[in-house]
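Visitor: As a plain string of letters, each chain reads:
2 protein chains.
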Amino acid sequence: MKLFNATAPNPRRVRIFLAEKGATLPTTDVNLTEGESRTPDFLAMNSLGHTPVLKLDDGTVITESVAICRFLEETFADPPLFGADQVDRARVEMWNRRMEIEIFNPCGNIAQHTFEFFADKVRQVPEFAAAQRKTVPEKWQWLEGEMSDGREFISGDRFSVADITGMVASGLAEVLEVGVPASCPNLRKWDQRMRARPSWDA
Amino acid sequence: MKLFNATAPNPRRVRIFLAEKGATLPTTDVNLTEGESRTPDFLAMNSLGHTPVLKLDDGTVITESVAICRFLEETFADPPLFGADQVDRARVEMWNRRMEIEIFNPCGNIAQHTFEFFADKVRQVPEFAAAQRKTVPEKWQWLEGEMSDGREFISGDRFSVADITGMVASGLAEVLEVGVPASCPNLRKWDQRMRARPSWDA
Numbered sequence: 001m002k003l004f005n006a007t008a009p010n011p012r013r014v015r016i017f018l019a020e021k022g023a024t025l026p027t028t029d030v031n032l033t034e035g036e037s038r039t040p041d042f043l044a045m046n047s048l049g050h051t052p053v054l055k056l057d058d059g060t061v062i063t064e065s066v067a068i069c070r071f072l073e074e075t076f077a078d079p080p081l082f083g084a085d086q087v088d089r090a091r092v093e094m095w096n097r098r099m100e101i102e103i104f105n106p107c108g109n110i111a112q113h114t115f116e117f118f119a120d121k122v123r124q125v126p127e128f129a130a131a132q133r134k135t136v137p138e139k140w141q142w143l144e145g146e147m148s149d150g151r152e153f154i155s156g157d158r159f160s161v162a163d164i165t166g167m168v169a170s171g172l173a174e175v176l177e178v179g180v181p182a183s184c185p186n187l188r189k190w191d192q193r194m195r196a197r198p199s200w201d202a
Numbered sequence: 001m002k003l004f005n006a007t008a009p010n011p012r013r014v015r016i017f018l019a020e021k022g023a024t025l026p027t028t029d030v031n032l033t034e035g036e037s038r039t040p041d042f043l044a045m046n047s048l049g050h051t052p053v054l055k056l057d058d059g060t061v062i063t064e065s066v067a068i069c070r071f072l073e074e075t076f077a078d079p080p081l082f083g084a085d086q087v088d089r090a091r092v093e094m095w096n097r098r099m100e101i102e103i104f105n106p107c108g109n110i111a112q113h114t115f116e117f118f119a120d121k122v123r124q125v126p127e128f129a130a131a132q133r134k135t136v137p138e139k140w141q142w143l144e145g146e147m148s149d150g151r152e153f154i155s156g157d158r159f160s161v162a163d164i165t166g167m168v169a170s171g172l173a174e175v176l177e178v179g180v181p182a183s184c185p186n187l188r189k190w191d192q193r194m195r196a197r198p199s200w201d202a
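Those sequence lines, one after another, are chains A and B.
Residue numbers for the first sequence follow our numbering, beginning at 1 and rising by one.
Residue numbers for the second sequence follow our numbering, beginning at 1 and rising by one.
Treat the hints with care, as some may be off.
Pairs involving identical chains hold if they fit within one copy or between any two copies, as the list cannot separate such chains.
[Unchecked claim] Derived lysine-lysine pairs resembling DSBU-like cross-links, with alpha carbons at most 35 Å apart: (1) K134 to K121; (2) K134 to K189; (3) K134 to K55; (4) K21 to K189; (5) K189 to K55; (6) K121 to K55; (7) K55 to K2; (8) K2 to K121; (9) K21 to K121.
Since the hints were made in silico from the structure, they are not lab data.
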């Protein structure tokens with residue numbers, strides 16, 4: 001199989017996932033600013049023009065970072081990053097979605113509705129970006145409440161894909177100047193632990 | 001276990017999922033317009049105040065409709081709705097996310113940024129709702145292109161949770177007057193097939 005990946009938050013989710021698995025894949029770098037995800041060849045793989053894309057040896061194409069991670073979870077079983085039993089798998093899915101919907105997406109919205117890169121890809125509404133900028137700190141504060149039980153990872157006592165989504169959200173939020181606030185001590189400790197992992201640099 | 005559910009699109013995903021499994025669960029109806037998802041008792045279960053919520057017999061709480069469906073997939077194995085093998089599972093995840101991100105979420109955004117119900121829950125930006133209203137028909141058209149291979153279901157030749165997300169999106173879009181357009185014949189046929197399923201009325 002072959003991974004088509006890029007320098008962007010969603011592609012980073014797959015890179016961290018692979019690093020945490022200790023796995024590597026043959027990878028083609030797609031230069032987004034050069035328009036390489038909008039060429040006819042690329043659009044034939046993913047009509048949405050999004051990265052990452054995983055192409056299997058039989059030609060099957062899997063898009064969406066979480067779908068690619070889920071495929072790789074079955075190829076590289078250890079350590080499990082989507083949960084270890086039925087309840088854990090449901091809890092990891094719950095927390096991965098919470099991290100994505102409540103934190104990562106609002107950060108992504110700020111970028112998509114203000115960055116020049118997205119001007120020809122998204123019907124930009126700067127007022128929406130401004131509103132989302134006010135929302136992100138409230139969401140960090142909500143998450144601080146959830147983490148106040150002192151647990152080590154987002155979904156419990158084991159590192160999971162929910163932490164990966166959180167890592168990518170934290171990195172993006174920092175660039176956008178809405179990173180984990182000082183008013184969230186438990187979350188700050190989690191953030192420091194995540195930044196100390198070798199996979200942070202993936 | 002016990003399901004706390006409501007009359008809303010995300011809760012409907014779980015209802016259709018259960019109907020497709022031929023399964024039932026003890027259920028408490030949460031009246032959203034009466035504020036029953038914002039009571040101290042409910043917030044103690046789900047600090048986000050969202051439905052659905054699944055409470056297991058040991059007190060474990062699972063939130064997020066897709067996480068609940070994923071838990072139920074392991075309790076009620078047949079028919080598989082998240083895919084039947086590794087590639088199928090990845091493809092279903094890909095398509096469930098595409099249906100959610102590309103179609104269901106823009107419809108949800110129209111509602112959340114214009115409906116009075118959300119005025120105290122979301123920092124509403126009506127200009128964003130107006131922009132999303134223009135986006136939805138373009139996304140249906142994109143999906144029509146994907147469905148032009150004549151396949152019966154969203155992710156291939158088997159009904160899956162991706163169809164369920166599409167059903168809920170189609171129903172919501174219809175209410176918002178951005179339903180599947182006449183310019184999308186393959187999608188219209190899929191939509192008619194979905195509306196003919198007994199689970200449509202769940």
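Visitor: Output the indices of the hints that this structure fails to meet, ascending.
Guide: Every hint satisfied by this model.
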